[in-house]
Each structure stands twice: as structure tokens, then as C-alpha cells.
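Position chain A against the provided structure of chain B, taking the given hints into account.
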Amino acid sequence: MMRSAERGFPALLRFQKGGDFRMAEFHSTRRGFIGLGAAGALALGLGGGAQAARLTTTARIVIIGAGAAGTTLANRLVERLDGATITVIDPRREHLYQPGLSLVAAGLKPANYVVSQTTDWLPSGITLIREKAAAIDPLAKTVSTESGQRLDYDFLVVAPGLVLDHAAIEGFSPDMVGQHGIGALYAGPDHAAKTWEAAHTFSEEGGIGLFTRPATEMKCAGAPLKHTFLIDDIASRGGAKGKYEVHYACPQQVLFSVPIVSEKIRMLFGERRIATHFGQTLTAIDHGAKRATFATVTTDPATGQAVNSTTEMDYDYLHVIPPQRAPDVIRQSGLSWTDKWSDQGWVECDMKTLRHLRYPEIFALGDVAGVPKGKTAASVKWQVPVVEDHLIAAIGGRDGTAVYDGYTSCPMITRVGRAMLVEFDYHNNLVPSFPGLIAPLEELWISWLMKEVALKATYNAMLRGKA
Amino acid sequence: MQDLTFTTMIAVFEEIFGRSLFWLMVAAAIVVTGLYLYVLVRDRAVSWRKFLWAQVSMPFGAVAAVLFVQKVTSSGFRDIGGPIDVIVLLAVAAMGAVGAAILVYTAQSLMRGRAEKV
Numbered sequence: 004m005m006r007s008a009e010r011g012f013p014a015l016l017r018f019q020k021g022g023d024f025r026m027a028e029f030h031s032t033r034r035g036f037i038g039l040g041a042a043g044a045l046a047l048g049l050g051g052g053a054q055a056a057r058l059t060t061t062a063r064i065v066i067i068g069a070g071a072a073g074t075t076l077a078n079r080l081v082e083r084l085d086g087a088t089i090t091v092i093d094p095r096r097e098h099l100y101q102p103g104l105s106l107v108a109a110g111l112k113p114a115n116y117v118v119s120q121t122t123d124w125l126p127s128g129i130t131l132i133r134e135k136a137a138a139i140d141p142l143a144k145t146v147s148t149e150s151g152q153r154l155d156y157d158f159l160v161v162a163p164g165l166v167l168d169h170a171a172i173e174g175f176s177p178d179m180v181g182q183h184g185i186g187a188l189y190a191g192p193d194h195a196a197k198t199w200e201a202a203h204t205f206s207e208e209g210g211i212g213l214f215t216r217p218a219t220e221m222k223c224a225g226a227p228l229k230h231t232f233l234i235d236d237i238a239s240r241g242g243a244k245g246k247y248e249v250h251y252a253c254p255q256q257v258l259f260s261v262p263i264v265s266e267k268i269r270m271l272f273g274e275r276r277i278a279t280h281f282g283q284t285l286t287a288i289d290h291g292a293k294r295a296t297f298a299t300v301t302t303d304p305a306t307g308q309a310v311n312s313t314t315e316m317d318y319d320y321l322h323v324i325p326p327q328r329a330p331d332v333i334r335q336s337g338l339s340w341t342d343k344w345s346d347q348g349w350v351e352c353d354m355k356t357l358r359h360l361r362y363p364e365i366f367a368l369g370d371v372a373g374v375p376k377g378k379t380a381a382s383v384k385w386q387v388p389v390v391e392d393h394l395i396a397a398i399g400g401r402d403g404t405a406v407y408d409g410y411t412s413c414p415m416i417t418r419v420g421r422a423m424l425v426e427f428d429y430h431n432n433l434v435p436s437f438p439g440l441i442a443p444l445e446e447l448w449i450s451w452l453m454k455e456v457a458l459k460a461t462y463n464a465m466l467r468g469k470a
Numbered sequence: 184m185q186d187l188t189f190t191t192m193i194a195v196f197e198e199i200f201g202r203s204l205f206w207l208m209v210a211a212a213i214v215v216t217g218l219y220l221y222v223l224v225r226d227r228a229v230s231w232r233k234f235l236w237a238q239v240s241m242p243f244g245a246v247a248a249v250l251f252v253q254k255v256t257s258s259g260f261r262d263i264g265g266p267i268d269v270i271v272l273l274a275v276a277a278m279g280a281v282g283a284a285i286l287v288y289t290a291q292s293l294m295r296g297r298a299e300k301v
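Going down the list, the protein sequences come from chains B and A. Here our numbering is used: position 300 in the first sequence is 303, and no number is missing along the way. Here our numbering is used: position 77 in the second sequence is 260, and no number is missing along the way.
Here chain B stands alone, though its shape is the one from the complex (with noise of 0.2 Å):
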């Protein structure tokens, strides 16, 4: 359920030319809202916390996205700069709280649980422009968008996220989720809940459930095994009891890019009798026979070489992740590696600071991100204090400290009511926040409530720049 207070405040937008707008008096008027409150948390001694000094700048700075990672930016950034001119791009109206859709694909939240707006989270001082990126030039350090305006900046930071491929498997688009037994939870917050559809009749009646993963670098790689376990648990409870099974499909030779990890997950699925295949990568579908065809790749035992065939397996319910890539514009404007993922097209930044590795006023932010891990919310909550501060010391003349060591986080939910709190890093050490008090590799119930109750919470905050 979404809190009316949230969507409550009045956004005084002020158009401007060329159908930008201003965020004007936006926050004053947040703050008029929760005045009252602040008021009593000060009058309690219980006042914000130190804030670093403001710098005065005449900066142009341009944020392409305005996703998690590129508002979360633009709120600390009006925060620590005077005078800058910050500019957000992003044609999306919605705001979408992604980690909730593997909840709702479970039938446990409506739709609109992942749905705000993008001018919620934006605070006052910025300019939003509600178009498409069409070109990046980094030598002459302009952006241009879809109808042609050009902006000039200073310091460009890419957070548009990812894109979804769904024409690459065959026989597959997105308006035929909920239907024909097939799932996609990925495609938005409608096919979320059209996933549940599907993914309810299966629960109900039971058969062959089928659920996937892609062969590139994904958003979450947890979300895959969450939403096979919360459909194993739904279903065992449900109508199918005792009369369906449980397959997982994944391109990779491991459950988890994290070794203790994915020994984990492969005793959990041993115990809930889920049977995996490795080196399956979903190619095609075909909706009427209810038939995956993969591509599927086998060590030959004799000569140790790879061998590459294709294997069909049935289905009742299908959950389909198809591959991602960055954006087309990321691609096209040479900002990618050319040496790695180049079917995939992720920044080229360096792991650390996510700063740009051939221009140094370029920095990545969120999935589009060229670095090992770290396509999950967590992770943006992580790096945009990195980019903040090597950012504003490039502004200032120096150089920035602050080090983005590969942490990410996943609540990994095992059933509904019980989850474990994955978090781990570059080195695929296990980091928990709550050592000796919340068992990383436990399934417990606190880890599933701090998914349902706190961790929304967590992530607007952040959005806000306060978390």
C-alpha cells in the first residue's frame, strides 16, 4: 500500500521552456508537511545528523536517468552544492520501486505497491527534462536528446538502467505473460501481477514449472531463484500439492556468482526437491505446445571440451528472464567496454569509483555500471556516495577517497515468510550488516520482515537522499 503522505505532496512544478520543468518549492513545501514533526524530533535533541560543508559552484552537471541511482544522486547533490545546474533526463513518468516485484509475482503485493511518480522523488534546484537521451558525445561533453536539444555539461553521470531483450527468444514477446502458462516478473509492475496470473494457476493445479535466468549480467540475480522458491512454497500449500515439479534452467555452471552462496541455494533446492540444469540458456518458446527450447552447453567427459546442442523441456508454467543490455545510446556513444560484455554494452568505469576509464568527467551509476556486481538497489545505495564524493572533489580540485568495494544485497526470500540476507561483495566475502545477530545464510523470519516492512522504507529514504 502506498502512504497517501507520500503521494500527498503537492509538487508546485513550474514549466518552463521547451517543456522542462523547474521542481520549485517542492521541498519547501515537504518540509511545511513534516515541520510539525521535525519540530518535535529537534525539540527531543534528536536533530539531523552533521552535514558536510555546501560548496559554491557554477558546475553543469548532467544526470541521465532518474531511476534510483540518478535521483538518490540529485538529492544529495542539491544538498552539497550552491549554485550548480543540475539537469535530470528521463522521459518516465513512473517511479518504479523494483525490488518489489518479486512480491508482487507472488500475489503478496498489488501492482501499484512498485508504482510512484518520478517528480515524487525529485528535489527543488534541479531541471528535469522528460525526454530520451538520444546521444552522448564525451569529447565535446554535450548530451542531446530525442527532440534535438542540446545540453553542455561539465560532469555527466549515465544512470539510465538497462534494457530488457525480449526479441531475443524466439516466439516470446511481453503481451503474452498471464497467459499460455508463461511468467515474466521483469517487465514491469502489470506484467508483474500478470505473472502472478499464471503463476497462481500453476500453484492451483499443479505440473511442470519451469522458471529461467539469462546468459548476461541480469538486475538482482537473485530475483531468478526468489521467484522459484516462493512459487515451489506457494504451490506446495496450494491446490498442487503433490502433484507438480520444479525445474531450474540457468546458462551458468553455479546457482550463485557467490560460491557459499550458491552451495547454499543447492542444499535448499536439494531439500525442496527442485531439480537444476546448468548450462541451459533459453532460446525459444513455443506458447501452443507449452515447449522451451535452450541452448545448452555440456562438457565432453573424454576430450574436457564444450559441447553445444539444444534441449527441449516441457512446461505448465514458464518464467522467462530474457537478456539485458545497456540502453542503445550507451552503446552508440563508445562509452562501453569494447573488450568485455560486448554483446551487453555496460560502461567502461573503474570498479572503485565508478568514474569513467577514458573520461574522467563521465561517471556510471546503478545497472548500466561495467563492474562485476552490483546491479541491485543496494548497490546504488552504496555507490552514489562513491560518485558524490569523487564528484564533488573534482568540482573542487581534488581528488575524491571514497572507495565502492562491490557491496550489494539480497534479501533472498526461500519462502513466504522466511528469507536469508545475502550480502556480499567484489571478492565474493560475505559482509552481513548484523554479524553475530542475523545469520547471512539462515532462513529466518526477521530477514523476511525487514523485506516486507523496512526495506521499501529503506529504499524511499535513500531516494531522498537520507539513507
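Hints may contain errors.
To give an idea of the chain A side of the interface with chain B (calculated C-beta under 10 Å), a few residues [claimed, not checked]:
#: 1; residue: Thr-191
#: 2; residue: Glu-197
#: 3; residue: Phe-200
#: 4; residue: Leu-235
#: 5; residue: Ser-257
#: 6; residue: Ser-258
#: 7; residue: Leu-272
#: 8; residue: Leu-273
Honestly, the hints are just simulated from the structure, not real lab data. Beta carbons are placed, not taken as given, at the ideal position from N, Cα and C, and that holds for glycine.
Chain A only, in chain B's frame:
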């Protein structure tokens, strides 16, 4: 969590309940606690008769709090997975019990007026 400061906690709670509801709840807790202190000071004694009724309400408060949390989080007793979960469950129950006791004691004191002699 990166910086689990008090301000962060406040921000998170504001988001959980919505700003208005959160501060309303804080205000309600302060008001009830204030009234509780008021009746204690006014009566200059704890009324053990009222306290008895307050104690009787405690198990109901405890159970209600646990069921409320389970209801809003789609979970149940089968989801208790480790010691920390038992601690959380007991903490929720304790909060419900204490809250109910304070509420019942204060309500009685306010409705019946000055306490009879102990």
C-alpha cells in the same frame, strides 16, 4: 546498512508508516506516557486494583501485537527460523503487553478519577 544513524532510522520509520502517521504515533505514545505519569503524580500512588486489571490486559496485548505483525507481513509461527526470530517475537509480544498495560491503567485512572486509597 551503510550508516545506521538515528536520523536514518527516523527517515526509515517515516517511510514505513508515512510521515503523518509515524509522528502521530510518536505523539500518541508520548501523550499516553505523559498521561500515565500524570495520573501517577496526581494520585501519588500506584493503584494496585487498577494495576491488576492492567496486568490482566497484558497477555491480550501481547497476542494482539504478534498476530498484527504476522498479519501485515503474511507470515506465521512456522516461519520462526532461529534464535533471533524468537527474540523478535518476544520483543513484539512484550511491546504489545506493556503498551496494553499502560493504556488500560491510564484509561482506568482517567475514567474513574482519583484512585481509592491503597
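Outcome of the hint check:
1. A hinted interface residue such as Thr-191 (chain A) counts as satisfied when its beta carbon comes closer than 10 Å to some beta carbon of chain B; here the least separation is about 5 Å, so the hint holds.
2. This hint holds: Glu-197 (chain A) has a C-beta 8 Å from the nearest C-beta of chain B, less than the 10 Å allowed.
3. Because the beta carbon of Phe-200 (chain A) sits about 7 Å from the nearest beta carbon in chain B, less than 10 Å, this interface hint is met.
4. A least Cβ separation of about 33 Å between Leu-235 (chain A) and chain B goes past the 10 Å threshold, and the interface hint is therefore violated.
5. Against a cut-off of 10 Å between C-beta atoms, the interface hint on Ser-257 (chain A) holds, since the closest Cβ of chain B lies about 6 Å away.
6. Here the hint on Ser-258 (chain A) is kept, as its CB sits about 4 Å from the closest CB of chain B, short of 10 Å.
7. The interface hint given for Leu-272 (chain A) holds, since its Cβ lies 8 Å from the closest Cβ of chain B, which is under the 10 Å cut-off.
8. Interface restraint check: Leu-273 (chain A) against chain B, minimum CB-CB distance 12 Å, threshold 10 Å, status violated.
The structure shown violates the earlier hints numbered 4 and 8.
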